[in-house]
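Q: Sequence:
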Amino acid sequence: MQTKLLFIQALSSLQPGTGQGVGVIDQPVSREKATGLPYLPGSTIKGVLRDCWELENNPDLEKVFGQTTEASEPYAGSVSLMDGRLLLLPVRSLAGVFAWVTSPFILNRLVRDCKMGKIPGTLPAAVTGLANDRVLLTQTPVSSVLKIAPNNNRVVLEDLSIDIAPTNPLTDIWAAWLAAAIQPNDPEWQSDFKKRFCIVSDDVLSYFSETGTEVTPRIRIDDDTKTASGQALWYEESLPAETILISLVVAQKVMATPTVVFDGLEKIVETPVQFGGGATVGKGLCKLSLYPGNVVQP
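Take the position in the sequence shown, starting the count at 1, then add 10; the result is the number in our numbering.
Where hints are given, some of them may not hold.
[Unchecked claim] Distance condition first, Cα-Cα at most 30 Å in a straight line; then the derived DSSO-like pairs of lysine-lysine: (1) Lys-125 with Lys-73; (2) Lys-43 with Lys-56; (3) Lys-73 with Lys-56; (4) Lys-128 with Lys-73; (5) Lys-205 with Lys-125; (6) Lys-157 with Lys-205; (7) Lys-125 with Lys-277; (8) Lys-56 with Lys-297; (9) Lys-157 with Lys-43; (10) Lys-128 with Lys-277; (11) Lys-297 with Lys-43; (12) Lys-277 with Lys-56; (13) Lys-56 with Lys-125; (14) Lys-128 with Lys-263; (15) Lys-297 with Lys-205; (16) Lys-297 with Lys-263; (17) Lys-43 with Lys-128; (18) Lys-205 with Lys-73.
No lab work stands behind these hints: they were computed from the structure.
With the hints as extra help, turn the sequences into a complete structure.
A: Pasting the structure below:
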């Protein structure tokens, strides 16, 4: 068995909907029951990757993803995909336009998953003891662009004014590791990521995950009258562009070897793919990357 991380970066707003909601929002995003954090279902990820694999005319399609239930003797595939969990949420910032925000819980869960999957390499240590009214920013080799002013020890994210915590070297270590893992071949993006990276408390991240999503009204127009068609008004919730999710890809030798699985996936991640709803209105375009990939990793 071999395991890799799959990073999913939204290039446009992403709508992993639940189908229908019971509140004000008609089509909310999928959320974890226990944490309330948004996620992209593993079944969605697998279905999209299967379609991409099929478009490549790869003869190992059924060996990797399994035969359909209509087959006379259906069998399981050689790849398993976890849900795409939230890793970094883009949050509006008074300085620097936006921040990539994460929390100790999310980072510690990543460490746990990497240990469980025996991902090669050494991850940074866990971040602990961060108060709700404090935020950790990067310092070196590039300083954060999120500070209101050089002599002002605060940041403003959404509608929250938060004091900057004393320097913690783990912030820079995590920023460097994530930047190199998510976009290993793009040093310009890595530099920009480090400037915008910050760590807030778990409670604050949970608040941002509720208030920092996009809610868009949609309406259907009658072709003849050019006015609203009946009561065809609904509200969709989406994850904003630049959201970064993470999934575990597990390949085991069933009908195909892990080498066959990951060689095929490496070709797929070379171009953006579309996840979730709203494909015809430009939603769900995502850039993928595997870690470790076929490049030198940190």
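Q: Which hints from the list above does the structure break, by number from lowest to highest?
A: Of the numbered hints, 9 and 18 do not hold.
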